[in-house]
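Chain residues, written in single-letter form:
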Amino acid sequence: MNTTERYLVGVFDDDEELLHAVTDVKTRGVKIEEVYTPFPIHGLDVAIGHPRTRIPIAAFMFGCLGLVCILSLISYTMYFDWPMIIGGKDFFALPDFIPVSFEGTVLFTAFGMVGTFLVTNGLWPGKEPKTFDLRSTDDKFIMTINMEDNKKTEAEIESILRNSGAIEVNVKQF
Amino acid sequence: MSHVVSPIREKLVSGGKSYHDVTQDICRQVEGAPTKEWKIAFGISCVIFTYGAYCLGYTWWQGIGVWGLNKTVGWAWDITNFVWWVGIGHAGTLISAVLLLFRQKWRTSINRSAEAMTIFAVLCAASFILAHMGRPWLFHWALPLPNTFGSLWVNFNSPLVWDVFAISTYLSVSLVFWYMGLVPDLATIRDRAQTKASKFWYGLFSLGWTGSAKTWARYEYVSLILAGISTPLVLSVHTIVSMDFATSVIPGWHTTIFPPYFVAGAIFSGFAMVQTLLLVTRVTFKLEDYITIEHIEMMNIVITVTGSIVGIAYLTEFFIAWYSGVEYESYCFVNRATGPYWWAYWMMMTCNVISPQVFWFKKVRQSILLSFVISVVVNIGMWFERFVIIVSSLHRDYLPSSWAMFSPTRYDIGDYLFSFGLFFTLFFLFAKFLPVINMFEVKAVMKGVSTKYPKKQVAHKQIEKEDTKIGEEVSES
Numbered sequence: 001m002n003t004t005e006r007y008l009v010g011v012f013d014d015d016e017e018l019l020h021a022v023t024d025v026k027t028r029g030v031k032i033e034e035v036y037t038p039f040p041i042h043g044l045d046v047a048i049g050h051p052r053t054r055i056p057i058a059a060f061m062f063g064c065l066g067l068v069c070i071l072s073l074i075s076y077t078m079y080f081d082w083p084m085i086i087g088g089k090d091f092f093a094l095p096d097f098i099p100v101s102f103e104g105t106v107l108f109t110a111f112g113m114v115g116t117f118l119v120t121n122g123l124w125p126g127k128e129p130k131t132f133d134l135r136s137t138d139d140k141f142i143m144t145i146n147m148e149d150n151k152k153t154e155a156e157i158e159s160i161l162r163n164s165g166a167i168e169v170n171v172k173q174f
Numbered sequence: 175m176s177h178v179v180s181p182i183r184e185k186l187v188s189g190g191k192s193y194h195d196v197t198q199d200i201c202r203q204v205e206g207a208p209t210k211e212w213k214i215a216f217g218i219s220c221v222i223f224t225y226g227a228y229c230l231g232y233t234w235w236q237g238i239g240v241w242g243l244n245k246t247v248g249w250a251w252d253i254t255n256f257v258w259w260v261g262i263g264h265a266g267t268l269i270s271a272v273l274l275l276f277r278q279k280w281r282t283s284i285n286r287s288a289e290a291m292t293i294f295a296v297l298c299a300a301s302f303i304l305a306h307m308g309r310p311w312l313f314h315w316a317l318p319l320p321n322t323f324g325s326l327w328v329n330f331n332s333p334l335v336w337d338v339f340a341i342s343t344y345l346s347v348s349l350v351f352w353y354m355g356l357v358p359d360l361a362t363i364r365d366r367a368q369t370k371a372s373k374f375w376y377g378l379f380s381l382g383w384t385g386s387a388k389t390w391a392r393y394e395y396v397s398l399i400l401a402g403i404s405t406p407l408v409l410s411v412h413t414i415v416s417m418d419f420a421t422s423v424i425p426g427w428h429t430t431i432f433p434p435y436f437v438a439g440a441i442f443s444g445f446a447m448v449q450t451l452l453l454v455t456r457v458t459f460k461l462e463d464y465i466t467i468e469h470i471e472m473m474n475i476v477i478t479v480t481g482s483i484v485g486i487a488y489l490t491e492f493f494i495a496w497y498s499g500v501e502y503e504s505y506c507f508v509n510r511a512t513g514p515y516w517w518a519y520w521m522m523m524t525c526n527v528i529s530p531q532v533f534w535f536k537k538v539r540q541s542i543l544l545s546f547v548i549s550v551v552v553n554i555g556m557w558f559e560r561f562v563i564i565v566s567s568l569h570r571d572y573l574p575s576s577w578a579m580f581s582p583t584r585y586d587i588g589d590y591l592f593s594f595g596l597f598f599t600l601f602f603l604f605a606k607f608l609p610v611i612n613m614f615e616v617k618a619v620m621k622g623v624s625t626k627y628p629k630k631q632v633a634h635k636q637i638e639k640e641d642t643k644i645g646e647e648v649s650e651s
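Protein sequence lines correspond, in order, to chains A and B.
Heads up: the first sequence begins at 1 in this note's numbering, then just goes up one per residue.
Heads up: the second sequence begins at 175 in this note's numbering, then just goes up one per residue.
Hints listed in this document are in silico derivations from the structure and should not be mistaken for laboratory results.
Only true hints are included.
In silico DSS-like links for lysine-lysine, alpha-carbon gap of 30 angstroms or less:
hint, chain 1, residue 1, chain 2, residue 2
1, B, Lys-460, B, Lys-213
2, B, Lys-537, B, Lys-279
3, B, Lys-373, B, Lys-388
4, B, Lys-606, B, Lys-279
5, A, Lys-151, B, Lys-388
6, A, Lys-172, A, Lys-130
7, B, Lys-606, A, Lys-127
8, B, Lys-373, A, Lys-127
9, B, Lys-388, A, Lys-127
10, B, Lys-370, A, Lys-172
11, A, Lys-152, B, Lys-388
12, A, Lys-172, B, Lys-373
13, A, Lys-127, A, Lys-172
Same shape as in the complex, but just chain A:
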């Protein structure tokens, strides 16, 4: 690959300011690729225009899968494969199976959801992070603008970023 990606990186030092800047920069016709922050800022993803996450749906599905799996296991072992009379109970003594079914549901939900989260975000052990500015995990809020997505010149975008409160504007190439 000989094409290099060229980015303009706006550095902000306040979260409220950044949130205003995102709307500001967008209304002036600049396409923001992503914003990197040291902590979650409520409403930021909406302001950038990211679609709403579907992680809760995945979590629910994994929960259902867990419940089905664990109940199948219990009914296979306790009812079909080797039924035994225990304390005069039914072979399929549903109330007794609630605790384990619950635990199985929770287990599948947690692992399924976190697994989905890691896969969708492309996070894995040892992955090399695409870092625009090392301070974005400390105290700075970074707005990245991919020059390929924008028709405006770098100088124009830089002045828009500065006007909306960026304390620095850097160029980063990958």
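Starting from the structure of chain A, add chain B where the hints point.
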């Protein structure tokens, strides 16, 4: 959206910290060389761990005949220690999950170490589960695995099997919860790393985290759902532990009050253990600005409330034993309070019911020394509670000719020491190599707390908004 906090609230972080100060303060102990105090403390816990490991190894080799059990008292320190550790292991998830759902922002500076403590405590509990099996290498017989006996399956009607599922689910989900909370902070350390080794290790475990808005949006949902499922999970675990006893037909165990009573006791002892560790961490790592008197006071309030619930449960149990008219049941309780184990019973009553009542006085609640003393006393009391429930119910059974007493051997004590060694060794490793305070969550609740920020907000054309919001509490969502 706003971070405006009611003026009547105490500040969650004192000292007028900026975001960068938080990073500096918390990363300092991770990046610096280990302090002398840390080395000494870690050395002591390693020695205890080694001695305990010898005792536990001997127990595994010889079998549980080396314990002081007899044919009347078949469960004693092993299950006492197990229940005690599992109970302690409840506070971490409770603090991070339940307090997250209730939007209690003071949890942010204490949840990391509380969760770590949870995981280590559950590991300690698991060591007793393995040891009490007698043949720990056959532990997989407790799992529903195909085998050459039929297959002969585990009995899903049994609370002991529920316990296997509950504890292992709890351990693994807590681990995931804790690790997911760590990832953004590990990335912070990775991005500051100076040495090759720390770049590699923190880079490996931070999973390439960058903190993009998209990731954070998903991350917040993941935390919320994990909190949502962990809340019933944490309650289910001790409920199921209590059912190990409650579904039996032993007088003193066969009581329906056990699940709520055990859960309250677990929160009680867990918070006490968090308090003990926090007070030590606060001093050794100089985190007075993050773990404030306000935090300590909040913890003490929870300890008093749950201690009182436990007290009411003790009295209810006693009343019901008499009111039920069951002779065996009433005898068991009278025997607990006045029989040969009276000292254990009154130890439990004093430590758990009476001692936390001193927290009704604000001066005591805010005293660091007294908070530390009471938190240790509470955990001694909670150990005796489990001892009373288990040993005093068993030692005088239906046949007076088989009445017996339990006296611990060197290996009972050594195996208990093992769990302490394991717990503190892991905790000290955690405190050295991982950030003990959740940096990103603290940063997120700092606005309106730090003196610098409101001024800055006002400077940026926020004056009109600011004026309308002062005095009212605006939730973060």
